[in-house]
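Colleague: Letter by letter, the chains look like this.
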Amino acid sequence: MSKPAICVALEPDLVAAATGDAGPEAAQRVEAHVERCGACRADFARYRAIDGEVTALRSHLVAEPHVAVARAELEARLTDLRSRLVAYRVVPTPVGNVLIAHSEQGVLLVEYLGRGRRPDAAAARRLAGLEIVEDAGEVERLGRDLLEYLEGQRTHLDWPLDLRLVRSEFHREVLRRTAAIPYGAVASYAGIARDVGRPRAVRAAAQALRWNPMPIVIPCHRVVGSSGLLTGYAGGTTETKQHLLAVEGVPLVPVRGDFRILRDRMYVLAPGDSEYCLPSCPSVDPFPRGGLLFGSRDRAEAAGLAPCTTCRPDLHPLVTAVS
Amino acid sequence: MLARAGEMGPAGLSGGELVDDAGFEAMVATHHGEIYRYLLRTTGRTTDADDLSQETFLRAYRAYRGLPPDANARAWLFTIATNLCRNHFRAQKRRRLAYEAASVAAPSTDGLSADGTVIGREVSAAIEGAVARLPFKQRVAFLQRKVHELDYESIGRALDCTAESARAHVFQALRKIRRALDGHARSERKEAER
Chain D
2 MSKPAICVAL EPDLVAAATG DAGPEAAQRV EAHVERCGAC RADFARYRAI DGEVTALRSH
62 LVAEPHVAVA RAELEARLTD LRSRLVAYRV VPTPVGNVLI AHSEQGVLLV EYLGRGRRPD
122 AAAARRLAGL EIVEDAGEVE RLGRDLLEYL EGQRTHLDWP LDLRLVRSEF HREVLRRTAA
182 IPYGAVASYA GIARDVGRPR AVRAAAQALR WNPMPIVIPC HRVVGSSGLL TGYAGGTTET
242 KQHLLAVEGV PLVPVRGDFR ILRDRMYVLA PGDSEYCLPS CPSVDPFPRG GLLFGSRDRA
302 EAAGLAPCTT CRPDLHPLVT AVS
Chain U
524 MLARAGEMGP AGLSGGELVD DAGFEAMVAT HHGEIYRYLL RTTGRTTDAD DLSQETFLRA
584 YRAYRGLPPD ANARAWLFTI ATNLCRNHFR AQKRRRLAYE AASVAAPSTD GLSADGTVIG
644 REVSAAIEGA VARLPFKQRV AFLQRKVHEL DYESIGRALD CTAESARAHV FQALRKIRRA
704 LDGHARSERK EAER
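Note that the protein sequences, when read in sequence, are chains D and U.
According to our numbering, the first sequence is numbered sequentially starting from 2.
According to our numbering, the second sequence is numbered sequentially starting from 524.
None of these hints come from the bench; they were simulated from the model.
Please note: incorrect hints may appear among the correct ones.
[Claimed, not checked] Dumping the calculated DSS-like pairs for lysine-lysine here, alpha-carbon to alpha-carbon at most 30 Å:
#1 U:Lys616 - U:Lys699
#2 D:Lys4 - U:Lys713
#3 U:Lys699 - U:Lys713
#4 D:Lys4 - U:Lys699
Chain U with its partners taken away, still in its complex shape:
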């Protein structure tokens, strides 16, 4: 008699799926590669890009339910990734200061070519190097605008600044890249004259 009424058993909560998994999977499929490349360029290391890209999408998963259906998912992911990067560099800097290392390495400027992910002509390698040496905000603004073609409003949101400031960061980045390339060209010429 007792076992008859109110049987308990596992069943799907009708319509109660916590996260729209199909929608989220589609978002991962569309944007994962790009976010990975963005993070690889921003950090210069595949290990960092691995960790931070995973963390970006895990955070996105937790917050996905609150994302309005008409939101720009791509720009949203860039913002999450950029925030994670900023925290990552801050933590790195804290660690560096804590150890007071004698030879303080700049955020790896040649990591990309060092681990063999970049195969390209020399000028491009010089640009990659120049980009890697940019300060964080300029580097991020430059990559988001010039490589990933996001609009300045989105870049401003990711960097917590105005669209105008984002534009100014890109301008400064291009000036520095030009200077670096001009220096690179001069040393090339000297090399050739010898």
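Next comes chain D alone, as it looks inside the complex:
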């Protein structure tokens, strides 16, 4: 015996009403029908009983030990995920698009992307094993800092750094020395090698700078060849290096596919000295190992240096303007 059509049509509402899940209109319809229809009255009672049993299910599943174990495992995996989480943002700048990636500890990768807008293969290789998410907004401040820096309105990127991508203790030491080169000054690869106590490891020091995970922030552009040639920078282009140094007021001229700093137009700081000199000062070499060259007196004095009392760069300033 099949149910009357009216009962079939009402069944969803009846089930909903019996299980406390119907709107007021549907509940009224069901109530009116159930008064007249004995079969549906029985159905209603049956579903109501089932609803009671179903409600009991809520408190029924006893799984506390399993929940506790799963929670502990989750906490361990969250700790691991947290330590590997890296957010990045791509910032358009005068030297092309630049990727900035940071962890909870600080900035850990700065990469030139040229025209690219996504992390490239090189960035992906370096970030392998980390969880990379596109940044929603936190890196925006870093991007603003970087733009100000590249426009010469800021001389410091005082960002906290996460050095986990640095390959070795030697590299770390080279980067530490490089980070200490003041704005507007240059050092030589040989000078850095000498500074870290390995004067013969000039090539190794250059390699360490090649693998610098944070160019600009750790200013490897301020390290040049002893001859004054820029010699190399990010991906083989010295244009960016030239741009960064020019912004800092370092005098440069193009030379056959490279650039050369004008050593005779720069002030000299001998290693261990606290006075800056003219390049003609009898007390210093033109580009001493472990020393620095400054593009201007302002930059030398901003670095806390006093003018040499022998050659008096304060009385006989260099003509630093480059045509």
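Chain U: place on chain D using the hints.
Modeller: Chain U alone, transformed into the frame defined by chain D:
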């Protein structure tokens, strides 16, 4: 001289915490147990509930920064958990088909009682069994509505269907549970008459 300027050192990125860890921890504390139980009922296995509940919260962690502050975190977690379940069952089915196992087991219908997590009266056990035998969408809709009391809008979002379809799934689920219980009662009576 060189070591003086621009010292580099580790420090917290000021205000740059990647994820609001305190907020996320609070969310885990509030919802982990419930999501676990939901997954245990949906999959019928503690091993699956272990894996899928962890995966639910790891996914939530990755996406947490994008979650609007006024979002319904609980419904959001149910949606993530449900999607993971669906993928889990699909993968399971693929594996089953690949092996072309001679005796194809239905998604374990008695796993709950088998591993001893469920202690209850017999009628409840019969309901648990009936729920475990429901098709995926009906089972999920039924559990979310009747056990976890989510609204139909949320259930619809989790199942990628309308609230009305979600309601229809719950209706079908209740009909099937009733039929299963009526069958159970009949066999009980026969048992008693013997």
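Colleague: All the hints need checking, so say for each whether the structure fits it.
Modeller: Hint-by-hint comparison with the structure:
A distance of roughly 23 Å separates the Cα atoms of Lys616 of chain U and Lys699 of chain U; the hinted pair therefore holds under the 30 Å criterion. With a C-alpha separation of about 27 Å, the suggested pair Lys4 of chain D and Lys713 of chain U falls inside the 30 Å cut-off, and the hint holds. A hinted pair counts as satisfied when its Cα atoms are at most 30 Å apart, and Lys699 of chain U with Lys713 of chain U qualifies at roughly 21 Å. A C-alpha spacing of about 17 Å is found between Lys4 of chain D and Lys699 of chain U, which places the hinted pair at or below 30 Å, so the restraint holds.
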